[in-house]
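*Asks:* Each chain, letter by letter, is given below.
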Amino acid sequence: MIAYQLSIFAENKPGKLAAVTGVLNREKINIRATTIATADTFGVVNLIVDDPKRAEAALSKAGMTVHLREVLAVLIPDKPGGLDSLTQLLHKEKINVTNAYGFVLEGSKTAVFVVDVDQTQKTEKLLEENGFKTLDTKTLSAM
Amino acid sequence: MYWEKEVEKIGQASLKKLQLAALKKTVNKAQKSPYYEKLFKDNKLNAKIVKSVSDIQKFPFTTKDDLREHWPYGFVAVPKEKLVRMHSSSGTTGRATVVFHTLRDIAVWTNLLARCMYMAGMRQSDVFQNMMTYGLFTGGLGFHYGAEKIGALIIPAGAGNSKRQIQLMRDFETTVVHVIPSYALHLSTVFAELNLDPRRDTKVRIAFLGAEPHTEKMRKKIEEIYGYKAFNSYGLSEMNGPGVAFECPEQNGMHIWEDSFLVEIVNPKTLQPVADGEEGELVLTSLQREGMPLIRYRTKDLTRIISGRCPCGRTHRRIERIKGRTDDMLILKGVNIYPMQVEKKLMEIEGVGTNFLIILEREGFNDDMLIKVEVDKKYFSGDMKQLEGLRRKIVEELKSEILITPKVNLVEPDSIPKGEGKAVRVVDNRKD
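Sequences listed follow chains A and B, in order. Okay, so the first sequence: first residue is 1 according to the numbering used here, each after it adds one. Okay, so the second sequence: first residue is 144 according to the numbering used here, each after it adds one.
Hints listed in this document are in silico derivations from the structure and should not be mistaken for laboratory results. Please note: incorrect hints may appear among the correct ones.
Covered by chain B, according to a simulated footprint, are these stretches of chain A (three or more residues, beta-carbon under 8 Å) [unchecked claim]:
| hint | stretch |
| --- | --- |
| 1 | 9–15 |
| 2 | 43–50 |
| 3 | 57–65 |
For each residue, glycine too, the CB sits at the ideal point set by N, CA and C.
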């Protein structure tokens, strides 16, 4: 299944992140995971939230440049080697990861690893075939 | 102390007579170019209506746009085989204005530069290091020819390569340099890096500062650092290049050579002449050119006539250092740049949004151009690599257009404040 990541274009300056979280707070949207990539003067804020479509609308309305990006949210066991089994598979299949980050769902039990890959559909199929569970937005927010 | 005493100290009556004869000749010559032939015919103009020098006001102005629209040969007034040289204004590609010279034009120009350099004190015994770009740009070759005419030993160093410049200066005991003021300041930091003091470790006694307007304060700073006398030089490729006006040893305004250029200063809005001493746009008519005579050419440069006689004895009037432009052209590191060039290039690049802002900055002795570019909302996909690629592409594309490598910051759509009416495209934070 495909999940959505919220990507926000942001100039690298004080208050930018606060503006984003302020909007989400007002809309009562919950953030599950964040990463920020910066290149000197600008960057991209990536968020996994419980209601990406509504978040997108609210942030756009606030004048921000937002894009909903398809990513794979893979369920992995929260134990040593849990992530390794996934990355070894991607390596074997020559799938390139352009961005990735993770968060723990339940301590010592399950975690979610979000991967942004060059071939999303193909990777999704491959993961399912190899016993990995991918989550869609609805499942993610229910957790 | 004079290169051509009789010309440089010419009396008012003789100058007017000389100018009138030269103006009639120029009108006759200009009429042979396709542009002026039609213009004169449409407006019933010819040399016969020129009874006094002030009759120049009966003629329409010529602008840079006219030159562009009749590119490349529309202003050429001689058979093409008589042309021996073309030059082009710096920084522009595609829309560049080109200027053509006959052998005689080059000789007249050379003489004017020799006059300027001699006036500032350069002699046959000098070693002249020309730190300007040779090529399409007029500054390099113009001074080279003038120095050769005086008989000085020329080091045609060209622009850049600071360590080599200093090496040449020391090895061959350079006494006179021609340099862009911002580069002179930059070079002083290289002297410092090499633990050298230009006052102690070089023999340079005269500098010609050209290709970009600078303040009196900046001149003083350069003179202080180097311990030489720095002379301001004014010119534009449309009027040969350098050698239009130049400072004498008094260093109080630039003598504009009125035997070669008919000078008018007009109010840039009404285009009516202003009184001597009042600021306005400099308008020039070439009086000696045959390859490409120009009549009432609007330089877009703002200046004023300094009234009163110059103690140096030269009678040609003086203009004040250039105060600014009546158009939006900017000059960075001696290169002329129009915001329009930046805009045109940016709008061709996929991913660029609607607005941009050019910021000129001076850090220490280094001038830089920073361009804030809005990203197109539709282009944004959350991919950092794509954004960085876009930023690099903008830098490369602009570099090829304006010949200067700008810093580019990508900013959010609609984040650059839009002014009421005409958009503000340039912020100049350079202070002397």
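*Asks:* Going back to the hint list, which numbers does this structure go against?
*Replies:* Structure breaks no hint.
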